[in-house]
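Asker: Kindly generate the complete structure, drawing on both the sequences and the hints.
Just so we're aligned, residue 1 is where the sequence shown starts under the numbering used here, counting upward by one.
Rather than coming from a laboratory, the hints here were simulated on the basis of the structure. This structure is a prediction, so every number in the text was calculated from the model and none was measured. Check before you lean on any hint, since a few could be wrong.
Listed next, the in silico DSBU-like pairs over lysine-lysine satisfying Cα-Cα at most 35 Å (straight line) [said to hold, decoys possible]:
(1) K6 - K234
(2) K6 - K232
(3) K235 - K6
Computed spacing ranges between beta-carbons, pair by pair [stated by the list, open to error]:
(4) L290 - Y173: 42 to 52 Å
(5) Y173 - H219: 28 to 38 Å
(6) L89 - D228: 17 to 27 Å
(7) S56 - P132: 24 to 34 Å
(8) E5 - A160: 47 to 57 Å
(9) Q217 - A55: 39 to 49 Å
(10) P278 - L77: 19 to 29 Å
Virtual Cβ for every residue (Gly too), placed ideally from N, Cα, C.
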Amino acid sequence: MDAIEKALGAVVAAGELAGAVGLVWRDGAARAYPVGWRDIEAGLQMARDSIFRIASMSKPIVSAAAMTMLQEGRFALEDPISRVAPEFLAMRVLRDPDGALDDTTPADRQITFEDLLTHRAGLTQAGFRTGPIDAAHREALGPDLDSPLSPDAWIAGLAALPLVGQPGAAFTYGRSTDLLGLLLARMEGAPLEAVLRHRVFEPLGMTDTGFAVPADQRHRRAGLYGFDMAGKLKKLAAPPGDVALPERPGDLAFASGGAGLWSTVDDYLAFARMFVDPSVKLLSPETRALMTT
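Answerer: Spelled out as structure tokens, the structure:
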């Protein structure tokens, strides 16, 4: 048995993972290692073409789409995002990241596109702070992935909240890529999924990646599992921080560029190859180097 398949199988056998698909690409050939179950309760085995929620692995895809627009001259890294989103023209910053929401000081400078791409905008996210800003994020923006807000309303809601740090001062995990994705969509005058499809998915042949899984492909989805109080695997109705929806409604306008995509190992390989395979021409060598340094 291949060492990779054996290692993944051991984790599944120990009850630490429902299933997984490993994939290795070398010398132009790919080999996949599906192990375990995509749905334990239904007895469905994991397969190479299983479709997964890819969570924060959505972020590099949105960033790559942004880099295609950067190399076209659509914006500069140092440009303030207020050029596209005037809602962010005069931001305020909490004196204490977990302090009172009205105890703020003006931002030293505006948020730039580079701040969003490097997660240094001072933005946070519900679930990452212990103070009032945490509940304020949840109330203003709704669920992490399936917010009922329109993109414009979501942008306005985020801009109305104080930052937890000065722009450019430090890395802060938060909604930077969600905001970046919606700004790309605003610049293109199209939904974020359409932007990603035009700029990334279609050029790279990523046919199974998107914010929703088509009805005729839902049987391929890998179930979402966590752990119960006894430490046993348990199927979850929704990702942490989100709401339980039977299916993502087709008219749901908000799309989470930070965590909302579904994909397969082969689609993600098609994306990852552009960083190591010179024959993949989505980004220029200069842009690719900028993105990876």
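Asker: When the structure is checked against the list of hints, which entries are broken? Sort them ascending.
Answerer: 4, 6 and 9
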